[in-house]
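**Q** As a plain string of letters, each chain reads:
2 protein chains.
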Amino acid sequence: MHPEVHLYEVGARDGLQNEADVVTTAAKLELLDRMAAAGLRQIEVTSFVSPKWIPQLADADDLVARLVRRPGVRYSALVPNLAGWERFAGSGLDVAAFFVSASESHNRKNVNRSVADHLEGFKPVAAAALEAEVPLRCYVSTVCGCPYEGDVPVEQVLALVRSLLELGAAEISLGDTIGIGTPRQVRALVEAVAAEVPLERIGLHLHDTYGRALANVEAGYEAGVRHFDSALGGLGGCPYAPGASGNVATEDVVDLFERSGVDTGVDLDALVDATSWVEKSLLGRPLPGRVYRARLGERERAQREEAH
Amino acid sequence: MHPEVHLYEVGARDGLQNEADVVTTAAKLELLDRMAAAGLRQIEVTSFVSPKWIPQLADADDLVARLVRRPGVRYSALVPNLAGWERFAGSGLDVAAFFVSASESHNRKNVNRSVADHLEGFKPVAAAALEAEVPLRCYVSTVCGCPYEGDVPVEQVLALVRSLLELGAAEISLGDTIGIGTPRQVRALVEAVAAEVPLERIGLHLHDTYGRALANVEAGYEAGVRHFDSALGGLGGCPYAPGASGNVATEDVVDLFERSGVDTGVDLDALVDATSWVEKSLLGRPLPGRVYRARLGERERAQREEAH
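For the protein sequence lines, the chains are A and B, in the order given.
Heads up, the first sequence is in the working numbering, so the first residue is 1 and it goes up one at a time.
Heads up, the second sequence is in the working numbering, so the first residue is 1001 and it goes up one at a time.
In isolation and in its complexed conformation, chain A is listed as follows (with noise of 0.2 Å):
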């Protein structure tokens, strides 16, 4: 059975993008295993950024190299620029991501360009892959809000996703990078942007920073959005800052889906095995993911009455 929401797994990425210390390349492959395992179908695995940017990534094409993939599952990985997209090209990876800003400091912040250098840095990258016949997959970060200018247009949102449209892109992630976003404004973004590509093809990548993330996400539902990303456990938060939260837990996108009649063909048991390993082994700080805390606490419940 096909399920009826599509998960897009980030944390293996923009999860431990993150870390203050370098996970191994080992450990980063059971975890991507873990992740397939668990039934996610979109697993991104890492980013074709230079090392000396995000060191935590440095080990992108030996990490690609040595990744046994599982059937029935899209792998992807960031290309920022036409350097990346030479790694990626030799990856046999199945999808290539861009990200761009809707706000101008946010995105020279990020990549120290403007908006438009930046998409005409992309050119030839789009067009590489639409020649490889390789779907595009764009992030739209700050679309509800950019940490520098505050409230951001939903027109100025409008006009990049028409950018990337033109480039070629398969697929739309709108991004609440902040987690700012209220359910009435995801609603809102999403039907303006459905005005100008079709719903199946708008993913929703939404941060909990203020506790919205699953409101958002069940607007976005609402509203007729089928694609979100999420992290395992909600990795991706600063690790600086305790209880600060960064991408939506994929267990709590998943619970909520799951107990509304929803399918989203994931194993949530699965997920706590993996997110309890990747505490445990590799971060050793507890996640903030909810569903995940919660299942654990059910899980010692039950094996102390066991006790009995």
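It should be emphasised that the hints constitute simulated quantities derived from the structure, not laboratory data.
Source: prediction; values computed, not measured.
A couple of the hints might just be wrong.
Partial selection, computed: residues in chain B whose CB lies under 7 Å from chain A [claimed, not checked]:
1) 1182
2) 1187
3) 1209
4) 1210
5) 1215
6) 1252
7) 1255
8) 1260
9) 1282
10) 1291
11) 1302
12) 1304
In silico SDA-like pairs for lysine to any residue, Cα to Cα no more than 25 Å straight-line [claimed, not checked]:
13) B:1109 - A:302
14) B:1109 - A:70
15) A:280 - B:1286
16) B:1109 - A:306
17) A:109 - B:1300
18) B:1109 - A:307
19) A:280 - B:1285
20) B:1109 - A:304
C-beta: ideal position from N, C-alpha, C; glycine also.
With chain A fixed as given, assemble chain B onto it according to the hints.
**A** Just chain B now, kept in the frame of chain A:
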């Protein structure tokens, strides 16, 4: 201007009653005053429960006697039985609150009585409150699911709501005690209960155990509910399970509504100050509220920038 949604603050009672360490009466008085100063207009002060049951609230009589009331604030306390009512009657508080569970097993675990016996025991309390013209707020727990029985049929909730209305309940607070509810479930439940009692007398008491509290607040709002229970910083999580989460955080509810253009009448900065004081001076452990945590981070960044 009248706020468009009405928050009912339970942090001082529902929040502190689960804390391992007893908080001093003086500290509780400061907490209650900070809540009122932040603009909260409905505050649950304590419970007139037997000190044997909940030692954390053993100072109820002393606390209430020393409470300096702010004008315009409705102060309430839990009244579990006739002995509790006698203590309440001399307190000068505005609202008497009673709780009963929609599931038999949960009610028995909680008060060691069947639902029917618990209601029977409440009858003289309700009669005395009506006679004294004290409004009764009735909590119905486990409305979205029971930790022992699993699903709780809506019809079971409705039957209990009808009984409580017959006893003279002025307000019904529907409690998702284990946080298991989904937006769809909350919407359906509110619609069913609204057929028994006008929406303006229905409140929602939501927990964030599975991260869905705000999604459920939003669903309740869309279904017409305008009364929401919440606790400063998310007080009320189990202190023994790091990251485990109890009541939805007041800051999270306030920020959701204010950013959606819905007035709450509450000053978010004052709430953050109060929660910061609770963390540092009362509990010495991080509270789970997301907006609180994010706001602290914003303040720290602003201070660092000023220092440059």
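**Q** Closer than 7 Å between Cβ atoms is the bar; does residue 1282 of chain B clear it against chain A? Give me holds or violated.
**A** violated (17 Å)
**Q** Going by Cβ atoms only, is residue 1302 of chain B closer than 7 Å to chain A?
**A** violated (12 Å)
**Q** Straight-line Cα separation of residue 1109 of chain B and residue 307 of chain A no greater than 25 Å?
**A** holds (21 Å)
**Q** For the hint on residue 1182 of chain B, does the least C-beta distance to chain A fall short of 7 Å?
**A** Where the cut-off is 7 Å and the nearest Cβ of chain A is about 5 Å from residue 1182 of chain B, the hint holds.
**Q** Closer than 7 Å between Cβ atoms is the bar; does residue 1187 of chain B clear it against chain A? Give me holds or violated.
**A** Violated, because the Cβ-Cβ distance from residue 1187 of chain B to chain A comes to roughly 11 Å (cut-off 7 Å).
**Q** Using Cβ atoms only, decide whether residue 1291 of chain B comes closer than 7 Å to chain A, and label the hint accordingly.
**A** Holds, because the Cβ-Cβ distance from residue 1291 of chain B to chain A comes to roughly 5 Å (cut-off 7 Å).
**Q** Assess, step by step, whether the Cα of residue 1109 of chain B is no farther than 25 Å from the Cα of residue 304 of chain A, and give holds or violated.
**A** holds (18 Å)
**Q** When the nearest CB of chain A is found for residue 1209 of chain B, is that gap smaller than 7 Å?
**A** holds (5 Å)
**Q** Would you settle whether the hint for residue 1252 of chain B is holds or violated, based on the nearest Cβ-Cβ distance to chain A being less than 7 Å?
**A** holds (4 Å)
**Q** Would the hint linking residue 1109 of chain B and residue 70 of chain A be met if the CA-CA limit is 25 Å?
**A** violated (47 Å)
**Q** If you draw a straight line from the CA of residue 280 of chain A to the CA of residue 1286 of chain B, is it 25 Å or shorter?
**A** holds (21 Å)
**Q** Within a Cα-Cα threshold of 25 Å, do residue 109 of chain A and residue 1300 of chain B meet the stated pairing?
**A** At roughly 19 Å apart (the allowed maximum being 25 Å), residue 1300 of chain B and residue 109 of chain A satisfy the hint.
When held up to the earlier numbered hints, the structure conflicts with 2, 9, 11, 12 and 14 and fits the remainder.
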